Amino acid sequence: MQATIGDAVSELVQNAFEAGAAEVRLELVRRGARLEVSVRDDGRGMDAATVRKALDPFWSEAGKHPGRTVGLGLPFAKQAAEQCGGSFALESAPDRGTTVRLAFDLANVDAPPLGDAAATLTELMAFPGACELAVRREENGRAYEVRRSELAAALGDLEQAGTLGLMKKFFSSNEEEIRNEVQHGEIDVG
1 MQATIGDAVS ELVQNAFEAG AAEVRLELVR RGARLEVSVR DDGRGMDAAT
51 VRKALDPFWS EAGKHPGRTV GLGLPFAKQA AEQCGGSFAL ESAPDRGTTV
101 RLAFDLANVD APPLGDAAAT LTELMAFPGA CELAVRREEN GRAYEVRRSE
151 LAAALGDLEQ AGTLGLMKKF FSSNEEEIRN EVQHGEIDVG
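Counted the way my numbering counts, the sequence shown spans residues 1 to 190.
One thing to keep in mind: the hints can contain errors.
Derived pair list, reagent style EDC-like, types lysine to aspartate or glutamate, alpha-carbon separation capped at 20 angstroms [said to hold, decoys possible]: (1) Lys169 / Glu145; (2) Lys168 / Asp110; (3) Lys168 / Glu132; (4) Lys168 / Glu139; (5) Lys78 / Asp7; (6) Lys53 / Glu27; (7) Lys53 / Glu11; (8) Lys168 / Asp157; (9) Lys168 / Asp7; (10) Lys168 / Asp116; (11) Lys168 / Glu145; (12) Lys78 / Glu91; (13) Lys78 / Glu36; (14) Lys169 / Glu123; (15) Lys53 / Glu18; (16) Lys169 / Glu159; (17) Lys53 / Glu36; (18) Lys78 / Glu11; (19) Lys53 / Asp116; (20) Lys78 / Asp110; (21) Lys78 / Asp95; (22) Lys78 / Glu132; (23) Lys169 / Glu150.
Simulated from the structure, these hints should not be mistaken for laboratory data. Computed from a predicted model, the values in this text were never measured in an experiment.
Generate the whole structure from the sequences, applying the supplied hints.
What follows is the structure, encoded as structure tokens:
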């Protein structure tokens, strides 16, 4: 099982990158003790039989993970959400992409921690050769949004060490702002 919700999110987004998506949309929305996660891509998608297989921890797409015969990302994400009173949904169709939705009851003793959201988002934005990634993060009505292309236009190569530090500061600052108890409304990042 993944140690944090951020680990599950990272696996789901990397799956979307590997599915040949041109764009991936990640939403992390917290309202009270409920955290909803959505990862939607426009990649190659899966037929119903492949969706069933993808939820089997002892199955992995041939050639996806050389030397490994299991694919634990989706089954672990499903288990993590459901064990804390949350939910899991997977919708996919060939050539139409895939959407994975998770909900977590963070007040439940079995809920995994969110983890370091700033580090997770930095890692995903810097994923080598990644397609467009659009992120929306909301916490109790306060939100920010950013696209990979916006960060690249402002910072340059997202895989360079100096840029990684700047991205981490960007995400850390926005995470701190949306958790700030003083209500200032939506944060403008662009």
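Here's how the hints hold up against the structure:
At roughly 15 angstroms between alpha-carbon atoms, Lys169 and Glu145 fall within 20 angstroms of each other, so this suggested pair holds. A threshold of 20 angstroms between alpha carbons decides the hint, and for Lys168 with Asp110 the separation of about 29 angstroms lies outside it, so the pair is violated. With a CA separation close to 18 angstroms, the supplied pair Lys168 and Glu132 stays within the 20 angstroms bound. With a C-alpha separation of about 19 angstroms, the suggested pairing of Lys168 with Glu139 holds against the 20 angstroms cut-off.
For a cut-off of 20 angstroms, the pair hint linking Lys78 to Asp7 stands: about 13 angstroms separates their Cα positions. Simply put, Lys53 and Glu27 have alpha-carbon atoms about 25 angstroms apart, too far for the 20 angstroms limit, and the pair is violated. Proposed proximity of Lys53 and Glu11 is supported: the alpha carbons are some 17 angstroms apart, at most 20 angstroms. Under the criterion of a C-alpha separation no larger than 20 angstroms, the hint pairing Lys168 with Asp157 is consistent with the structure, at around 14 angstroms.
A distance of roughly 17 angstroms separates the Cα atoms of Lys168 and Asp7; the hinted pair therefore holds under the 20 angstroms criterion. Taken as a hint, the Lys168 and Asp116 pair is honoured in the structure, with Cα atoms around 10 angstroms apart against an allowance of 20 angstroms. Between Lys168 and Glu145 the CA atoms are separated by roughly 15 angstroms; this keeps the pair inside 20 angstroms, and the hint holds. Of the pairs offered as hints, the one joining Lys78 and Glu91 holds, with about 13 angstroms between alpha carbons and a cut-off of 20 angstroms not exceeded.
This hinted pair checks out: Lys78 and Glu36 have alpha carbons roughly 13 angstroms apart, not beyond 20 angstroms. A threshold of 20 angstroms between alpha carbons decides the hint, and for Lys169 with Glu123 the separation of about 13 angstroms falls inside it, so the pair holds. Our distance criterion of 20 angstroms between C-alpha atoms is met by Lys53 and Glu18, whose separation comes to about 17 angstroms. This hinted pair checks out: Lys169 and Glu159 have alpha carbons roughly 15 angstroms apart, not beyond 20 angstroms.
For a cut-off of 20 angstroms, the pair hint linking Lys53 to Glu36 is broken: about 24 angstroms separates their Cα positions. Taking the CA atoms of Lys78 and Glu11, the gap is about 12 angstroms. The hint holds against a cut of 20 angstroms. Restraint check for Lys53 and Asp116: the C-alpha separation of about 31 angstroms exceeds 20 angstroms, so the hint is violated. Taken as a hint, the Lys78 and Asp110 pair is honoured in the structure, with Cα atoms around 13 angstroms apart against an allowance of 20 angstroms.
A distance of roughly 24 angstroms separates the Cα atoms of Lys78 and Asp95; the hinted pair therefore is violated under the 20 angstroms criterion. Between Lys78 and Glu132, the direct Cα distance comes to roughly 25 angstroms. Violation of the 20 angstroms bound is thereby established for this hinted pair. Using a Cα cut-off of 20 angstroms, the hinted pair Lys169 and Glu150 holds, with the two alpha carbons roughly 15 angstroms apart.
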